[in-house]
Amino acid sequence: MIIQAFAFYLFAAALVAAGVMVISARNPVHSVLFLILAFFNAAGLFVLMGAEFIAMILVIVYVGAVAVLFLFVVMMLNINYTELRQGFLQYLPIGGLIGLVLLAELVLIVGSWVVAPEASVKLASPAPPLDRITNTHAIGNVLYTDYIYLFQAAGVVLLIAMIGAIVLTHRGRDGVRRQRISQQVNRTREESVELIKVEPGSGI
Amino acid sequence: MSQLPQFTPILPELIIVCLAMILLIYGVFRGDGATRNISWIAVLGLLVAAICVSAIPAGKILAFDGQFVVDDFGRYMKWLVLLGSAVAIIMSLGYNERESISRIEFPVLILFATLGMLMMISANGLISLYVGLELQSLSLYVIAAFQRDSVRSSEAGLKYFVLGALSSGMLLYGSSLVYGFSGTTSFTVLADLFKQPATDPSVGFVVGLVFVMAGLAFKISAVPFHMWTPDVYEGAPTPVTAFFAVAPKIAAIALFVRVLMGPFGELFAQWQQIVILMSVLSMLVGAFAAIWQTNIKRLMAYSSIGHVGYALIGLAAGSEPGIRGILVYMTIYLVMTIGAFCCILAMRRDGRMVENISDLAGLSRTHPMMALAFAVFMFSMAGIPPLAGFFGKLYIFLAAVDEELYTLAIIGVLTSVVGAFYYLRIVKLMYFDEPAEAFDKDSNREIGVLMTVAAMLTAFFIVFAGPVIDGAEAAAGILFSG
Chain A
14 MIIQAFAFYL
24 FAAALVAAGV
34 MVISARNPVH
44 SVLFLILAFF
54 NAAGLFVLMG
64 AEFIAMILVI
74 VYVGAVAVLF
84 LFVVMMLNIN
94 YTELRQGFLQ
104 YLPIGGLIGL
114 VLLAELVLIV
124 GSWVVAPEAS
134 VKLASPAPPL
144 DRITNTHAIG
154 NVLYTDYIYL
164 FQAAGVVLLI
174 AMIGAIVLTH
184 RGRDGVRRQR
194 ISQQVNRTRE
204 ESVELIKVEP
214 GSGI
Chain U
478 MSQLPQFTPI
488 LPELIIVCLA
498 MILLIYGVFR
508 GDGATRNISW
518 IAVLGLLVAA
528 ICVSAIPAGK
538 ILAFDGQFVV
548 DDFGRYMKWL
558 VLLGSAVAII
568 MSLGYNERES
578 ISRIEFPVLI
588 LFATLGMLMM
598 ISANGLISLY
608 VGLELQSLSL
618 YVIAAFQRDS
628 VRSSEAGLKY
638 FVLGALSSGM
648 LLYGSSLVYG
658 FSGTTSFTVL
668 ADLFKQPATD
678 PSVGFVVGLV
688 FVMAGLAFKI
698 SAVPFHMWTP
708 DVYEGAPTPV
718 TAFFAVAPKI
728 AAIALFVRVL
738 MGPFGELFAQ
748 WQQIVILMSV
758 LSMLVGAFAA
768 IWQTNIKRLM
778 AYSSIGHVGY
788 ALIGLAAGSE
798 PGIRGILVYM
808 TIYLVMTIGA
818 FCCILAMRRD
828 GRMVENISDL
838 AGLSRTHPMM
848 ALAFAVFMFS
858 MAGIPPLAGF
868 FGKLYIFLAA
878 VDEELYTLAI
888 IGVLTSVVGA
898 FYYLRIVKLM
908 YFDEPAEAFD
918 KDSNREIGVL
928 MTVAAMLTAF
938 FIVFAGPVID
948 GAEAAAGILF
958 SG
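So the protein lines, in turn, are chains A and U.
Counting in the working numbering, the first sequence runs from 14 upward without gaps.
Counting in the working numbering, the second sequence runs from 478 upward without gaps.
Some clues are possibly wrong.
[To be verified] Footprint (simulated), chain A over chain U, 3 or more residues, beta carbon under 8 Å:
#	region
1	585-591
2	611-618
3	751-761
[Said to hold, decoys possible] Label pairs and their in silico Cβ distance ranges:
#	chain 1	residue 1	chain 2	residue 2	range
4	A	78	U	639	36 to 46 Å
5	A	183	U	488	25 to 35 Å
6	A	36	U	643	18 to 28 Å
Keep in mind the hints are simulated off the structure, nothing from the lab.
For clarity, every value in this text was computed on a predicted model and none was experimentally measured.
Don't be surprised by glycine CBs; every beta carbon is placed ideally from N, CA and C.
Could you build all of it, start to finish, from the sequences and the hints given here?
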């Protein structure tokens, strides 16, 4: 028990510290690296809660794909960050306001359990107990059977996103040299090698 | 082990998704030269899917654990959507070739959008609703911006995307509230939840319902969620606008009706006022804002907003004749809109599209047949008997009067009089004004054929009225049989 509590406070503290560093770091590359650290700590917290599937997804999807993509974008785009930061204080009031609204909404959601007591009954998840089946197994049990229709449809949505990105941005460029393997293989010695008799002492 | 699910009910969807992927691969290998072939295969596929829709055994069938439903209502709406999409692909052929945006992805994206619409119509749960809606919207965002070298098209795509994402957010927020307060996403369970007279919905549930309605109202472009419509309609390439005006609108209306009459049917008292308000505002905006438009595509956008207002009257009535009225209205709307857009597509001068209403001046002397067809569509949209549009409005207003919604019916009649003003102004321009320069003569055959067929259907609706009204009657009945 004590080890769990220790691990929780370790992960939670590191998560909050990393979160603060994400928005306060001067160098955007450092920001992204702190973001990755925050993701890892959040994954640790999920493992502590027994939600190992979400923990792994967080590491694989967010760290493995999203954060790395961020890193690429930050490094590739040459943005002047000092200029971007200049309006920081100017936007503080409105940012704070949005934060307050979000906080109020969260309070309202928690409060709604008091308003509608029947809702909290619904919160008791229909998932099977953890000691009988791991939650990856439990998700797999329904995802590919009961929800196969939605699973496949979500796949089609992703396909459309891919087609859309290509349709809207891809342009065929002129003057690109493509590899044509058949041509390469079919080249004969006569086409590519030229023998020139050079007279000694006269140059070409 | 769970057994393999039933696949018969989703046969049309399966055909479309497989065809779309095969055509995509075929197109990638063959290049943009194959667009015409691919388009015709896609049209054929849509028609085959429409036949399959009829081939599914009659009655109400649930599939995939109740996430998917096929019933007479869905069948009727699917026919309309499939027809609308097929016609939109045919209409795009000539235009896309002339504007050199004839790329293989266009018919494929329309197929995917149609797939999304069919899934929306058959949705029987909040999750399948959202996935279907997103599938459709994502494809539509891309084809709105399909003419990517034109600033207006890109702007239309971007605007549509941003506002569409906002509406999806509202829909999701509402759905999460509904789920949170009821503990289910299934429409079947939700419908039974408030069957007992003693159970009242909690406030959170009703707030969720309102958000779901707001999200869906964006998709049918009902006022006050209509802001995107004129800009997107104007900016998008004309065949895309035609597609937007028919298929997605019909699918979204079907979804709106199914969601309100099905899972939330017992909360009629809660949502009726909202629907009445949206209906009145849509009719007013549709009638008055259209008067000052100079661009014909913007005019059609406001006209479609107005038409949605009339259709919503049927929903506000909440009765079987009301829903039948919506179905008849949407059928007629489909035919009229296709016809009107065929005329707009033929408005070309010196090889360039012209879109101003003033360009139509004196059309009766330069292109008498096209002017006649356009006049038929305009008279029909204004609701002048004996054309089709009159009957659409008649059934809607009768349903409203049956339910004693007299104010709504009177506002409807008054706004259609105002609407008649701008429709008839176009007719006056075509017949009594000095002719402007003639349009290009070489308009392609497909458009001409479609225009003629649509004009015939609109003009002689009385002849075809029987099957349409019977079909609509059966389709509306299923929503009330429980």
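Hint check results:
1. 585-591: With 3 residues in contact (Cβ-Cβ under 8 Å with chain A), the coverage given for the region 585-591 of chain U holds.
2. 611-618: holds (count 5)
3. 751-761: violated (count 0)
4. A:78 to U:639: 36 to 46 Å: This hint is violated: roughly 24 Å between Cβ atoms.
5. A:183 to U:488: 25 to 35 Å: Roughly 34 Å apart at Cβ, these two residues keep to the hinted range, so it holds.
6. A:36 to U:643: 18 to 28 Å: Between residue 36 of chain A and residue 643 of chain U, where Cβ atoms are some 26 Å apart, the hint holds.
When the structure is compared with the earlier hints, violations turn up for hints 3, 4 and for no others.
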